[in-house]
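A.B. asks: Just so you know, the protein sequences line up as chains L and P, in that order. Here our numbering runs 1 ahead of the position in the first sequence, where the first position is 1. Here our numbering runs 1 ahead of the position in the second sequence, where the first position is 1.
Hints listed in this document are in silico derivations from the structure and should not be mistaken for laboratory results. Take the hints with a grain of salt, since some may be wrong.
The list treats identical chains as one, so a pair stands whether inside a single copy or across any two.
[Claimed, not checked] Subject to a maximum C-alpha distance of 20 Å in a straight line, what follows is the list of computed SDA-like cross-link-like pairs (lysine to any residue):
(1) LYS108 with ASP76
(2) LYS144 with GLN80
(3) LYS144 with GLU88
(4) LYS144 with PRO89
(5) LYS144 with ALA251
(6) LYS108 with VAL271
Please read all numbers here as calculations on a predicted model, not as lab measurements.
For reference, the chains in residue letters:
2 protein chains.
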Amino acid sequence: MGIKTLSDHYPTRVGARPEFIKRVDPVVWGGPEDGPLSAEQLARFERNGCLIVEGVFSQDEVDSFNTRLDEMSRDPDVQNDPGTITEPESNEVRSVFDVHKNDALFKATAEDRRVADIARQILDSQVYLHQSRINFKPGFAGKEFWWHSDFETWHAEDGMPRMRALSASITLTDNYEVNGPLMIVSGSQNTFVTTVGETPEDHYKSSLQRQQIGVPDEESLARLISDGEILTMTGRAGSVVFFDCNVMHASAGNITPFPRSNVFLVYNSVENTLEEPFAASSPRPEFLASRDFTPVGA
Amino acid sequence: MGIKTLSDHYPTRVGARPEFIKRVDPVVWGGPEDGPLSAEQLARFERNGCLIVEGVFSQDEVDSFNTRLDEMSRDPDVQNDPGTITEPESNEVRSVFDVHKNDALFKATAEDRRVADIARQILDSQVYLHQSRINFKPGFAGKEFWWHSDFETWHAEDGMPRMRALSASITLTDNYEVNGPLMIVSGSQNTFVTTVGETPEDHYKSSLQRQQIGVPDEESLARLISDGEILTMTGRAGSVVFFDCNVMHASAGNITPFPRSNVFLVYNSVENTLEEPFAASSPRPEFLASRDFTPVGA
Numbered sequence: 002m003g004i005k006t007l008s009d010h011y012p013t014r015v016g017a018r019p020e021f022i023k024r025v026d027p028v029v030w031g032g033p034e035d036g037p038l039s040a041e042q043l044a045r046f047e048r049n050g051c052l053i054v055e056g057v058f059s060q061d062e063v064d065s066f067n068t069r070l071d072e073m074s075r076d077p078d079v080q081n082d083p084g085t086i087t088e089p090e091s092n093e094v095r096s097v098f099d100v101h102k103n104d105a106l107f108k109a110t111a112e113d114r115r116v117a118d119i120a121r122q123i124l125d126s127q128v129y130l131h132q133s134r135i136n137f138k139p140g141f142a143g144k145e146f147w148w149h150s151d152f153e154t155w156h157a158e159d160g161m162p163r164m165r166a167l168s169a170s171i172t173l174t175d176n177y178e179v180n181g182p183l184m185i186v187s188g189s190q191n192t193f194v195t196t197v198g199e200t201p202e203d204h205y206k207s208s209l210q211r212q213q214i215g216v217p218d219e220e221s222l223a224r225l226i227s228d229g230e231i232l233t234m235t236g237r238a239g240s241v242v243f244f245d246c247n248v249m250h251a252s253a254g255n256i257t258p259f260p261r262s263n264v265f266l267v268y269n270s271v272e273n274t275l276e277e278p279f280a281a282s283s284p285r286p287e288f289l290a291s292r293d294f295t296p297v298g299a
Numbered sequence: 002m003g004i005k006t007l008s009d010h011y012p013t014r015v016g017a018r019p020e021f022i023k024r025v026d027p028v029v030w031g032g033p034e035d036g037p038l039s040a041e042q043l044a045r046f047e048r049n050g051c052l053i054v055e056g057v058f059s060q061d062e063v064d065s066f067n068t069r070l071d072e073m074s075r076d077p078d079v080q081n082d083p084g085t086i087t088e089p090e091s092n093e094v095r096s097v098f099d100v101h102k103n104d105a106l107f108k109a110t111a112e113d114r115r116v117a118d119i120a121r122q123i124l125d126s127q128v129y130l131h132q133s134r135i136n137f138k139p140g141f142a143g144k145e146f147w148w149h150s151d152f153e154t155w156h157a158e159d160g161m162p163r164m165r166a167l168s169a170s171i172t173l174t175d176n177y178e179v180n181g182p183l184m185i186v187s188g189s190q191n192t193f194v195t196t197v198g199e200t201p202e203d204h205y206k207s208s209l210q211r212q213q214i215g216v217p218d219e220e221s222l223a224r225l226i227s228d229g230e231i232l233t234m235t236g237r238a239g240s241v242v243f244f245d246c247n248v249m250h251a252s253a254g255n256i257t258p259f260p261r262s263n264v265f266l267v268y269n270s271v272e273n274t275l276e277e278p279f280a281a282s283s284p285r286p287e288f289l290a291s292r293d294f295t296p297v298g299a
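Make a model of the complete structure from these sequences and hints.
C.D. replies: So this is what it looks like as structure tokens:
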């Protein structure tokens, strides 16, 4: 499993009370000379912890993604895969993991330079896929996702040592204010909010449906949000939302008929590969936290 | 109970399948000469089924409303009143009914000409209070309200014969896109969507927490929404949202720390007083459907 770093910069799930720890890692590692984003776009990512790039994929590309998604959600092999998560009540497919390994179309998408070059620029290094998934949020029945920092879990349960990772969400449906878009707390990327409670055995099995451990308390959230602002990631299908690994985010439920689907790609720097979990007895499975550190495009 | 009208223009809860019935009543009854709204504002109400009037109440007035609300939510007499509805899980106060009868401040508010004159103008007659309530939607824990037409229930369970009523919602907190604002389907006021299933005995006791009967099906909703547009009622505290009795509306859950509270006042035309319920064995209690038809300001 590699060698555990000598010091843990982001200790979590150990204290009796939540704490605010100042981030020690940069949010933006590269400069405008390192890739497609301008200095202005990089500054916005640094300030808000996120950036929307509109119209990255054409309508034709979005259509082909959706066709493939539709096939997958009806495929019994996909439905029964351990990397497929279903709604607690209806049993409908909610997320399919590891699509960059198991599907040719989404493997190509994960390596697409229109996305990967931006990840490499922000992280200023080669990158590999820590996780990939497709999220389905159907009309009327889409459940909320509670506030969380991805990094808190990746650090505690996956052994990701430092904050040098980001998510790219390719939107496959139009995102409106009303259909439960991603909400991001601008500025929250600069604070690591520790959570309270030990990680249970095989925590991932329940946490993917409704997370209890590893989520911040209401008081910490209210403080973070009063220091920042809630931004909603709305835009046309084919846009890409980039967001920092530690930015606090959530999405509300969806009671409109408009579905919401996206492809999530988590890029981690090859300088930041996984060690042993920092606050769990054993690491999560490969489909949640890949230990294949082969750089994208290598 | 008065005399039942010879024909029911809006039969509901009787068929095996939902139907779309064209509205036979006007949406706007008066003209610009009848009150404070301009021709342009009246046209907007007619088109959208709703209208926001900003800054009707001052910040001082809003503060005094909120102080009173706070007292009420902690008052054991209010908590135990049958006109007080609590959250199924937490038992926190969610709605207090009949505030125009039981509270001097809110009685004065219901009669305030800045609100009542607009109700009289749109309905082109004297008006009385069919119902009043305060809604509390706390931060983090605010539940969603599913899509519904108020008139469907008022007709079926209260015996309101025709569509000549409206709601005025006085916002006591700022309403943002992210904290579960009222969502309205523009244009839906022109269609009466019948619902399926008979009204159970004492239906109001459960329906105020989570309504099952008297709500439209997903297919009808999708059709209505594709014909119209979902408008969100955002604005500063002290605004008043007027909306038609038959317009389809809902509100999403609230996972932000920002609470959402408002005073709801339902004005009905004195030409449209209640008869026997059109689709229930007995009428709902007075606090939900007043049979005191005394005109406001009389």
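A.B. asks: So, for every hint listed, does it hold in this structure?
C.D. replies: Each hint tested on the structure:
Taking the shortest alpha-carbon separations for LYS108 and ASP76, only the intra-copy value of 18 Å comes in at or below 20 Å, while the best inter-copy value is 60 Å. Proximity of LYS144 to GLN80 under the C-alpha cut-off of 20 Å is restricted to the intra-copy arrangement: shortest distance 19 Å within a copy versus 30 Å between copies. In the homo-oligomer, the alpha carbons of LYS144 and GLU88 lie at most 20 Å apart both inside one protomer (9 Å) and across protomers (19 Å), since each shortest distance falls under that limit. When the C-alpha separation of LYS144 and PRO89 is checked against a cutoff of 20 Å, the pair qualifies both within a copy, at 10 Å, and between copies, at 19 Å.
In this homomeric assembly, LYS144 and ALA251 come within 20 Å of each other (Cα to Cα) both inside a single copy, at 11 Å, and across copies, at 16 Å. In the homo-oligomer, the alpha carbons of LYS108 and VAL271 lie at most 20 Å apart inside one protomer (18 Å), although the nearest pairing across protomers, at 66 Å, exceeds that limit.
When held up to the earlier numbered hints, the structure conflicts with none and fits them all.
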